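> Taking the hints into account, I'd like the entire structure generated from these sequences.
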Amino acid sequence: MAYMSQEGYDKLVAELQYLESVERPKASAAIAEAADKGDLSENSEYDAAKEGQRHLEARIAEMKMTVAQAKIVDLSRLSTDAVQIMSTVEMTNVKTNAKMKYTIVSETEANLKQNKISIKTPIAQGLLNKKVGDEVEITIPRGTIVLRIDKISIDA
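Going by the UniProt record's numbering, the first residue of the sequence shown is number 1, and it counts up by one from there.
Hints were generated in silico from the structure; no laboratory data involved. Wrong hints could be hidden among the right ones.
Pairs of lysine-lysine, DSS-like flavour, derived with a Cα cap of 27 angstroms [what the hints assert, rightly or not]:
hint: 1; residue 1: K95; residue 2: K120
hint: 2; residue 1: K64; residue 2: K50
hint: 3; residue 1: K101; residue 2: K130
Ranges of calculated distance between the beta carbons of each label pair, as one might list FRET restraints [said to hold, decoys possible]:
hint: 4; residue 1: D47; residue 2: K131; range: 54 to 60 angstroms
hint: 5; residue 1: Q125; residue 2: V94; range: 16 to 22 angstroms
hint: 6; residue 1: K37; residue 2: M65; range: 34 to 40 angstroms
hint: 7; residue 1: I60; residue 2: T92; range: 41 to 47 angstroms
hint: 8; residue 1: N97; residue 2: S28; range: 53 to 59 angstroms
hint: 9; residue 1: T80; residue 2: E20; range: 37 to 43 angstroms
hint: 10; residue 1: E15; residue 2: V132; range: 33 to 39 angstroms
hint: 11; residue 1: K37; residue 2: P141; range: 43 to 49 angstroms
hint: 12; residue 1: K101; residue 2: S44; range: 44 to 50 angstroms
hint: 13; residue 1: A82; residue 2: P122; range: 16 to 22 angstroms
hint: 14; residue 1: M1; residue 2: K131; range: 21 to 27 angstroms
Just so it is clear, the structure is predicted and the values come from calculations on it, not from any experiment. Glycine is no exception: its CB is placed at the ideal position from the N, C-alpha and C atoms.
Okay, structure coming up:
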């Protein structure tokens, strides 16, 4: 089951529709064009087109599964008492005093440029169910950090 925002769900559905209606026909056309060039046993262009189609079909299947299992989170029903999916968390690295702000989202919505981190990341996992004022020790690939939760909000 994949919890996500309505916005994230809508983007996923739109991307899936694009892949099925635009990219899939392009892949089929590339295969047909390569096949027209002769002997398929020694046609690297044909092999590449078939491989591209396999990757596309795998991506479409994966996205269909995610859409089918998606549960849209009603932001109006979320609480700011503790960190959960869709929480925006402002925190301070206790050692360096560096301030950070992340929104915890589903894997499909994660985008570090927008400060949206996947619920599956070590930082998000360490923050889940913690409250304002809590200090959390989290093991990340570069070692261990201690974060103090300064504020929890829900950005609707």
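> All the hints need checking, so say for each whether the structure fits it.
Hints and how they fare:
Of the pairs offered as hints, the one joining K95 and K120 holds, with about 24 angstroms between alpha carbons and a cut-off of 27 angstroms not exceeded. At most 27 angstroms may separate the alpha-carbon atoms for a hinted pair to count; K64 and K50 meet this at roughly 21 angstroms. At most 27 angstroms may separate the alpha-carbon atoms for a hinted pair to count; K101 and K130 meet this at roughly 15 angstroms. For D47 and K131, the hinted distance range of 54 to 60 angstroms is satisfied, since their beta carbons lie about 56 angstroms from each other.
Look at Q125 against V94: about 18 angstroms separates their beta carbons, and that is inside 16 to 22 angstroms. The beta-carbon spacing between K37 and M65, approximately 35 angstroms, falls within the hinted interval of 34 to 40 angstroms. Checking the proposed 41 to 47 angstroms range against I60 and T92 shows it holds: the Cβ atoms sit about 42 angstroms from each other. Take N97 and S28: their Cβ atoms lie about 56 angstroms apart, and the range 53 to 59 angstroms holds.
The hint said 37 to 43 angstroms for the Cβ distance between T80 and E20, and at roughly 39 angstroms that hint holds. For E15 and V132, the hinted distance range of 33 to 39 angstroms is satisfied, since their beta carbons lie about 36 angstroms from each other. Separation of K37 from P141 is about 47 angstroms and conforms to the stated range, judged on CB atoms against 43 to 49 angstroms. Judged by the Cβ atoms, the range 44 to 50 angstroms given for K101 and S44 holds: they are separated by roughly 49 angstroms.
Take A82 and P122: their Cβ atoms lie about 18 angstroms apart, and the range 16 to 22 angstroms holds. At roughly 25 angstroms, the beta carbons of M1 and K131 sit within the given window of 21 to 27 angstroms.
Every hint, counting from the list given before, is met by this structure.
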